[in-house]
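Chains as they are written, first to last, in our numbering: chain C, 178 to 315; chain X, 1448 to 1565.
Simulated from the structure, these hints should not be mistaken for laboratory data. On a predicted model such as this, the values are computed, not experimentally measured, just so you know. It is possible that part of the hints are untrue.
[As the list claims (entries may be wrong)] Subject to a maximum C-alpha distance of 20 Å in a straight line, what follows is the list of computed SDA-like cross-link-like pairs (lysine to any residue):
| hint | chain 1 | residue 1 | chain 2 | residue 2 |
| --- | --- | --- | --- | --- |
| 1 | X | 1452 | C | 274 |
| 2 | X | 1538 | X | 1491 |
| 3 | X | 1452 | C | 267 |
| 4 | X | 1452 | C | 249 |
| 5 | X | 1452 | C | 246 |
| 6 | X | 1452 | C | 206 |
| 7 | X | 1452 | C | 304 |
| 8 | X | 1452 | C | 307 |
| 9 | X | 1452 | C | 298 |
| 10 | X | 1452 | C | 291 |
| 11 | X | 1452 | C | 260 |
| 12 | X | 1452 | C | 236 |
| 13 | X | 1452 | C | 213 |
| 14 | X | 1452 | C | 205 |
| 15 | X | 1452 | C | 250 |
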Amino acid sequence: MSHPLRIDSDSSKHPVRVVLIEDDADLRRVVQLTLQFGAAWIVETAPDGPAGIETVKRVRPDIVLVDLMMPGMDGYEVCRRLISDATTARIPIVLLTARQNLDPERVRESGARGVITKPFDLDALAPAIMRLCQETTR
Amino acid sequence: MIATKQLPVEVLQELTNEFAAGLAARAAVMREAIDEIVRGPSSDAAHRLRLTAHALAGTAGAFGASELVPHAERLESLGREWQQGNGSATKASVTDAWRALDLLTSAVAIVTARLRIR
């Protein structure tokens, strides 16, 4: 499904709003601050799938970043629930994962725009997210 | 192309210090999980080992602690293997896990010292 992203590369016109769902507190904070300081994005965070879904419904962000492997509800299930809900179905989702041996078919079926593999270069994170979201909306 | 700036050095250092301060606790969670499996099969402990090691493998690189990653990945792999075996472990795989944890612990000591004086 193509979604006309209202993301502007000039974040002063329309700051990109992101919800980051990540269970690791250290990574959650460094990614949040990197995107806030580095790209002037507005980043809300949640430590697990259920809290993340609630945050997405409340914030209606431009992008959702989801860790794939979390205790309880994993990233695939978060994707499934967001995409099956009409109020959140069109929000692009990017998966974050340390898994090198991802199943591309499962990622495709998840409806996510793509995957960023950890460890990632913090300075390159925002451009990588934008690239994934924009590539799939052409 | 999106314009990006680097995190201020003092902010990154504070985050790095917090990460370094938590490394011993992460290692302790993995040690307890292995101990529990040595006492008897435990899918919960295997899952805990897998998740803790996985989180560390994913996070360490962001803080410049990439030498922790291979040991964390080995422990994650063993945790997955044990979880698939309903929480039971062979003697050889337990030995392998202790070795990986010892290597990880040694690397943690080096990384912690390095990150805190950066």
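### Unsatisfied constraints (hint numbers, rising)
Of the numbered hints, 1, 3, 4, 5, 10, 11, 12, 15 do not hold.
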